[in-house]
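Novice: Listed below are the residues making up each chain.
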Amino acid sequence: MAEPHRAAAARRRRRALARRGLGDFWASATTRQALDALQFTLIVSLVVAAIIAAFGTLVAWVLVRDSFRGKGFVNALIDLPFALPTIVAGLTLLALYGPSSPIGVNVAFTKVAVAMALLFVTLPFVIRSVQPVLIELDREMEEAAASLGASAFTTFRRIIFPNLVPAILSGAALAFSRALGEFGSIILLSGNIPFDTQVSSVYAFKQIESDNIDGAAAVSVVLLVVALAVLLGIRGLERWRA
Amino acid sequence: MARLTLRVVALGYLGALLVVPVAVVFYRTFENGLGAVWDSVTTPAAISAFWLTLEVALIAVPLNAIFGVLAALALVRGRFPGKRLFDALIDLPFAVSPIVVGLALLLVWGVDGWFGGLGVQVIFSVPGIVLATIFVSLPFVAREVAPVLREIGDEQEQAAATLGANGWQTFRRVTLPAIRWGLVYGVVLATARAIGEFGAVSVVSGKIAGETETLTLLVEKRFQNFDLAGAYAASALLAAIALVTLAAMTILNRRREEST
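Each protein sequence line maps, in turn, to chains R and Y.
Just so you know, we're using the numbering used here here: the first sequence kicks off at 1 and counts up by one.
Just so you know, we're using the numbering used here here: the second sequence kicks off at 1 and counts up by one.
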């Protein structure tokens with residue numbers, strides 16, 4: 001008996017929602033807390049993408065050019081962040097770098113913790129995009145450079161690095177877009193402190209929990225647009241590469 | 001010397017970020033003995049979470065496997081308007097925040113949503129969890145199968161067709177055997193993602209213990225309730241599943257390299 005009544009009420013609410021339009025959207029997306037969370041999310045994702053680019057290239061280099069015992073095992077291990085649930089990743093980092101840390105390092109509920117969580121979940125991206133390029137790379141140019149007296153560093157900077165740039169960039173861009181939306185690994189580590197460690201996805205989640213769907217939707221749309229832009233950018237990059 | 005330094009830095013980075021934290025979780029899990037671990041993964045809530053997680057994966061992964069193969073065939077063999085857009089759209093779940101996925105489902109199926117008046121309970125029940133899981137694990141099979149299809153070309157399929165095989169026979173006897181390792185690899189990745197999904201599921205599940213609580217949600221709840229040992233035990237179970245997945249990926253990669 002209450003069903004038609006409820007449906008009518010829901011219809012009214014939907015119409016009311018539709019009427020509010022862009023002005024309200026803008027207001028929800030630009031509350032001080034939402035803006036601050038967005039700013040932190042963008043900055044921390046950029047920093048993480050930069051670190052991932054540097055260390056990812058380094059690890060890919062070691063995995064391709066170096067040889068040591070257990071290399072196959074290390075290579076398999078790189079994909080662990082893809083296989084491990086994000087909430088477990090967060091708990092894992094908290095176990096080592098949290099309040100009950102066995103090594104006495106406690107970064108829980110700080111910005112560093114958020115960055116570490118993002119570094120963990122995006123770890124494979126640059127490694128897995130640089131590795132195949134490095135394997136395919138022609139060694140002759142390097143040998144030529146070396147025979148002309150170039151140091152190892154010069155050879156890397158002038159010969160190898162330019163060949164790797166597209167792969168590094170597309171890996172880092174993927175890591176960036178993944179970091180922007182990451183939620184599971186951060187929720188336990190960040191403490192979700194507004195104006196400090198609060199990231200956009202956690203902010204949106206809290207808005208949903210407190211029934212402020214508009215606020216959540218506004219932040220979500222911003223995240224979605226940035227992610228799409230990055231995705232299209234990567235497509236363009238791949239076309240440039242090909 | 002330089003080589004050694006690079007190796008040490010690279011391995012140190014992986015160790016500090018990956019290996020040591022995971023090892024610590026296993027250590028913390030088992031430091032109170034096997035009995036305690038067994039007790040906390042066999043509570044009624046944990047058992048129900050385990051079966052729910054399995055059930056959701058068993059629905060989502062086969063559906064995505066079928067969709068993935070069809071999508072890959074359409075992308076590689078098909079010719080239709082909007083193909084580029086379709087190609088880009090398949091990757092969307094990789095780029096979208098899980099919270100956005102959950103919110104989208106809420107806006108479509110929630111009380112105030114488009115289909116909210118239909119009287120079907122999706123949000124805060126199992127169908128919502130299944131939908132969220134399907135969304136996040138959607139691209140894996142398509143993305144693993146498409147390059148294999150491109151690699152093998154369609155000569156053998158054409159040969160089968162000239163010998164009088166119909167479309168289904170060609171697919172079953174020629175295409176499917178050729179893509180099988182790619183397909184299995186995609187299925188492994190999708191399964192891992194389906195079992196591990198947290199954000200999207202946590203928006204739509206309602207987290208009712210014994211009903212809509214998956215393993216990952218159980219980890220979070222136990223942690224928030226200061227049941228650290230319980231959270232570690234459930235995490236160790238998930239981490240063990242992840243390690244099995246990793247082993248499967250490594251073996252499958254070797255198989256794939258041998259078969260090409």
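Treat the hints as calculated values from the structure; they're not laboratory data.
A couple of the hints might just be wrong.
As a list, the in silico DSSO-like pairs of lysine-lysine whose alpha-carbon atoms are at most 27 Å apart [claimed, not checked]:
no. : chain 1 : residue 1 : chain 2 : residue 2
1   : Y       : K207      : R       : K206
2   : Y       : K221      : Y       : K207
3   : R       : K111      : Y       : K221
4   : Y       : K83       : R       : K206
5   : R       : K71       : R       : K206
Novice: Starting from the hint list further up, note which numbers the structure goes against and sort them upward.
Specialist: 4 and 5
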